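**Student:** Okay, here's what each chain looks like letter by letter:
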Amino acid sequence: MRFRAKIVDLACLNHFSRVINTIAKLAKTCTLRLTVSKLYFILNDKVANGGVSMWCDLCQMEGVAAEHNEIYLELVPENLSRALKTAQSAKTVKIKLTNKHCPCLRVAVELPSSSSNSRIVTHDIPVGVIPRRLWNDFREPSVPDFDVSIYLPVLRTMKSVVERMKNLSNSIVIEANLSGEMNLKIETDLVSVTTHFKDLGNPPWASEGGCLSSAQGRDRESMAEARIDIKKLQHLLAGQQVNPTKALCNIVSKRIVHFILLHEDVSLQYFIPALA
Amino acid sequence: FLQAEIFQEFAVQGESVTFRINLSVLLDCLTIFGTSSLPGTSTALRMCYHGYGHPLVLFLEEGGVVTVCKINTQEPDELLDFDFCSTKVVNKIILQSEGLREAFAELDMTSEVLQITMSPEKPYFRLSTFGNAGSAHLDYPRDSDLMEAFHCSQTQTNRYKISLLKPSTKALALSCKVSIRTDAQGFLSLQYMIRNEDGQICFVEYYCCPDEDISEAEV
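Protein chains in written order, with my numbering: chain A, 1 to 276; chain B, 1 to 219.
The set of hints was computed from the structure by calculation and includes no laboratory data. Accuracy of the hints is not assured; some may be wrong.
[Unchecked claim] In the DSSO-like style, the derived pairs of lysine-lysine whose C-alpha atoms are separated by at most 27 Å in a straight line are:
| no. | chain 1 | residue 1 | chain 2 | residue 2 |
| --- | --- | --- | --- | --- |
| 1 | A | K232 | B | K166 |
| 2 | A | K198 | B | K170 |
| 3 | A | K96 | A | K38 |
| 4 | B | K70 | A | K159 |
| 5 | B | K170 | A | K254 |
| 6 | A | K198 | A | K25 |
| 7 | B | K170 | A | K166 |
Note that the structure is a prediction, hence the values are computed from the model and not measured.
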């Protein structure tokens, strides 16, 4: 089983570091899925919390050479994040899967130096190799047939509101319609708070056909809603350090909310299931 | 006390309306858009109350986003009446708050009480604490720049539980002036004058009764 990759583009490296940092904030361990063309980070909190799943795929890595088509590794993202801290002004970064005493991801950072020889800093990050029979657990969830797809409001505002709401309630209702309107609602014995966002816009596929049989012919004003754990939503929003290029969510009424955040060539997907 | 002038519109039907409400919930709602505002953005607020049994309704708007909060109201508590009468004031001092802020920040918290002495003669106005390290006295002379008014007719020394006075330091931090008054029983009235960004004035009042064990001994 072999894996080797090299990053030479500084911008791509910065993206990669940012993504790793975001992931490190969200979970202690994650699964890294390496394929011929893409890198996926999978956080599967199913065991602990009944499920936020986050997927992100990165493109642009040169020379990925995997023997079988895919490799699944378990690693602590914090370690990778720390290794990449030394790479901020690197010339190149090479990542390789090695198995000296135990499987490791070897990150070799080539740093510029005043002498003619470059300095190379190497980090060995222990990883766990996930056997093939368990790969099904990590399958990319299929995008469910959603009822409504809508662009998210400015994340900063959403973050403030959700943070305050978190003090007041454990669950939050997200509802949205095909007229670009979204409401965040909480209701307890003490208080009920509703925040109304308008003119958000709906992605083009939401009303055209495609795979959305439930969205076709849907009344534009009618709201699709789901009640979710507010901490998970707040966690997701707090992890966004940079404003994404595109942010949207798909709601399957009373079942699941699917968030997609696009940062240039990185896409992160979060699935938050609805509470019973 | 917030004066009606702080609001652009203020209408109350009937003489007065009283209800009890959860303060932290109210604060969370008022700050729903966050506590630090970006320059150029402002949040608008509208509050309505339809009467007994209805929730307090807040409408907040910032940047086109509207939040509606309905906070359930409760039966008002009986307000503690300290029976502090303005006409029975024995001693009164008005100080600029900056003079007291440092003093309160440095109060020896190992002391259970804060002793306040007010007198027409020296030491005029003295704050004392009796903590593990020893006793500390802070004197303010009558002719100090910080003293805006000084009307003391009798020498009085009273002790107050420091834990009861600690919350008042928040009001002290925001205020520009504070008035300190005591009556014949040694009840303390602290009035903080707070000026907001638009120059409007609000007041916060604290009443505190003297620590009984000690005062009895002095009598």
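**Student:** With reference to the structure, classify each hint as holding or not holding.
**Tutor:** Hint check results:
1. A/K232 <-> B/K166: 37 Å, violated
2. A/K198 <-> B/K170: The given pair, whose Cα atoms are some 39 Å apart, is violated under the 27 Å limit.
3. A/K96 <-> A/K38: Status holds; Cα separation ~15 Å.
4. B/K70 <-> A/K159: Since the Cα atoms of B/K70 and A/K159 sit roughly 21 Å apart, the hinted pair holds (cutoff 27 Å).
5. B/K170 <-> A/K254: 45 Å, violated
6. A/K198 <-> A/K25: With a Cα-Cα distance of about 31 Å, the restraint between A/K198 and A/K25 is violated, given a limit of 27 Å.
7. B/K170 <-> A/K166: The given pair, whose Cα atoms are some 26 Å apart, holds under the 27 Å limit.
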